[in-house]
Amino acid sequence: DAKTTQPNSMESNEEEPVHLPCNHSTISGTDYIHWYRQLPSQGPEYVIHGLTSNVNNRMASLAIAEDRKSSTLILHRATLRDAAVYYCILTKTNTGNQFYFGTGTSLTVIP
Amino acid sequence: NAGVTQTPKFRILKIGQSMTLQCAQDMNHNYMYWYRQDPGMGLKLIYYSVGAGITDKGEVPNGYNVSRSTTEDFPLRLELAAPSQTSVYFCASRGTGSSPLHFGNGTRLTVT
Numbered sequence: 128d129a130k131t132t133q134p135n136s137m138e139s140n141e142e143e144p145v146h147l148p149c150n151h152s153t154i155s156g157t158d159y160i161h162w163y164r165q166l167p168s169q170g171p172e173y174v175i176h177g178l179t180s181n182v183n184n185r186m187a188s189l190a191i192a193e194d195r196k197s198s199t200l201i202l203h204r205a206t207l208r209d210a211a212v213y214y215c216i217l218t219k220t221n222t223g224n225q226f227y228f229g230t231g232t233s234l235t236v237i238p
Numbered sequence: 057n058a059g060v061t062q063t064p065k066f067r068i069l070k071i072g073q074s075m076t077l078q079c080a081q082d083m084n085h086n087y088m089y090w091y092r093q094d095p096g097m098g099l100k101l102i103y104y105s106v107g108a109g110i111t112d113k114g115e116v117p118n119g120y121n122v123s124r125s126t127t128e129d130f131p132l133r134l135e136l137a138a139p140s141q142t143s144v145y146f147c148a149s150r151g152t153g154s155s156p157l158h159f160g161n162g163t164r165l166t167v168t
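Top to bottom, those sequences are chains A and B.
First residue of the first sequence: 128, per this note's numbering; consecutive thereafter.
First residue of the second sequence: 57, per this note's numbering; consecutive thereafter.
Simulated from the structure, these hints should not be mistaken for laboratory data.
The structure presented is a predicted model; accordingly, all values stated were derived computationally and were not measured.
All C-beta atoms in this analysis are idealised placements derived from N, C-alpha and C, irrespective of residue type, glycine included.
Be aware that one or more of the hints could be misleading.
Calculated lysine to aspartate or glutamate pairs in the EDC-like style (CA-CA distance at most 20 Å, straight line) [stated by the list, open to error]:
1. B:Lys65 to A:Glu172
2. A:Lys130 to B:Glu115
3. B:Lys113 to B:Asp94
4. A:Lys219 to B:Asp112
5. A:Lys219 to B:Glu115
6. B:Lys100 to A:Glu172
Counterexamples of contact, computed for chain B against chain A with all Cβ distances above 12 Å [unchecked claim]:
7. Ile68
8. Gly72
9. Thr76
10. Ala80
11. Asn84
12. Gly109
13. Ser123
14. Arg133
15. Leu134
16. Glu135
17. Gln141
Full structure from sequences and hints, please.
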């Protein structure tokens with residue numbers, strides 16, 4: 128299965144944009160890119176996902192490189208509530224349907 | 057809708073005891089998953105199911121068993137609890153295609 132690589136930790140100032148990177152150089156054509164986040168002492172929650180085109184929703188934007196070997200989760204204005212561990216996951220939805228989580232990026236938001 | 061419901065929220069087991077962690081979803085999702093999360097670590101996939109009657113192993117299945125007799129329920133069974141199974145267990149479900157995972161609130165299990 129294709130793996131993802133994320134920085135262990137990042138910091139951001141409150142109300143500034145945050146760009147969380149994810150490398151997935153072995154991605155295949157059928158792999159979707161999913162992002163989840165886990166707030167302290169809670170279960171993971173869905174943030175956004177995409178296949179080839181950039182995606183926007185009320186929580187964040189997902190920018191996918193043209194070769195699909197990397198992607199970036201963009202939080203437009205970080206708030207203290209955005210402090211969490213962010214996971215980038217690849218998943219094949221035509222076979223197996225496994226969702227494997229890595230160690231993610233721990234985001235600290237500085238007031 | 058309740059979403060994904062896990063019971064119990066907390067449990068302490070003695071070594072060698074057995075128990076079943078319950079997971080139920082009311083979204084008519086075909087796919088269901090069990091994960092464990094050790095302190096400070098990411099989630100590890102234990103077992104998953106693509107529909108009633110069908111289950112398959114994930115990354116760390118040893119020491120666990122699952123069954124999927126209905127679409128709604130996906131219980132996780134620990135037969136002989138060991139201290140290494142102390143963890144937080146999360147159940148998740150999803151619909152078809154590229155739809156995302158919906159997680160329960162977790163069960164915190166301690167084996168002493």
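Now for the hints, and whether the structure bears them out:
Taking the CA atoms of lysine 65 of chain B and glutamate 172 of chain A, the gap is about 18 Å. The hint holds against a cut of 20 Å. Simply put, lysine 130 of chain A and glutamate 115 of chain B have alpha-carbon atoms about 14 Å apart, close enough for the 20 Å limit, and the pair holds. Distance restraint check for lysine 113 of chain B and aspartate 94 of chain B: the Cα-Cα separation of roughly 19 Å lies within the 20 Å cut-off, and the hinted pair is therefore satisfied. Distance hint between lysine 219 of chain A and aspartate 112 of chain B is fulfilled; the C-alpha atoms sit about 15 Å from each other, no more than 20 Å.
At roughly 16 Å between alpha-carbon atoms, lysine 219 of chain A and glutamate 115 of chain B fall within 20 Å of each other, so this suggested pair holds. At most 20 Å may separate the alpha-carbon atoms for a hinted pair to count; lysine 100 of chain B and glutamate 172 of chain A meet this at roughly 16 Å. At roughly 18 Å from the closest C-beta of chain A, the C-beta of isoleucine 68 of chain B stays outside 12 Å, upholding its exclusion from the interface. Once the 12 Å rule is applied to beta carbons, glycine 72 of chain B is consistent with being away from chain A; the minimum gap is 29 Å.
For threonine 76 of chain B, the shortest C-beta to C-beta distance to chain A comes to about 19 Å, beyond the 12 Å cut-off, and the non-interface label holds. Residue-level check passed: alanine 80 of chain B sits 15 Å from the nearest beta carbon of chain A, beyond 12 Å. With a least CB separation of 16 Å from chain A, asparagine 84 of chain B remains clear of the 12 Å interface cut-off, as annotated. For glycine 109 of chain B, the shortest C-beta to C-beta distance to chain A comes to about 16 Å, beyond the 12 Å cut-off, and the non-interface label holds.
For serine 123 of chain B, the shortest C-beta to C-beta distance to chain A comes to about 18 Å, beyond the 12 Å cut-off, and the non-interface label holds. Every CB of chain A lies more than 12 Å from the CB of arginine 133 of chain B, the least distance being 21 Å, so the non-interface label holds. Even its closest Cβ contact with chain A, about 20 Å, leaves leucine 134 of chain B beyond 12 Å, as expected for a residue assigned away from the interface. Listed as outside the interface, glutamate 135 of chain B is consistent with that label: its C-beta sits roughly 24 Å from the nearest C-beta of chain A, beyond the 12 Å cut-off.
Chain A leaves glutamine 141 of chain B outside its interface by the beta-carbon criterion, the shortest separation being 18 Å against a cut-off of 12 Å.
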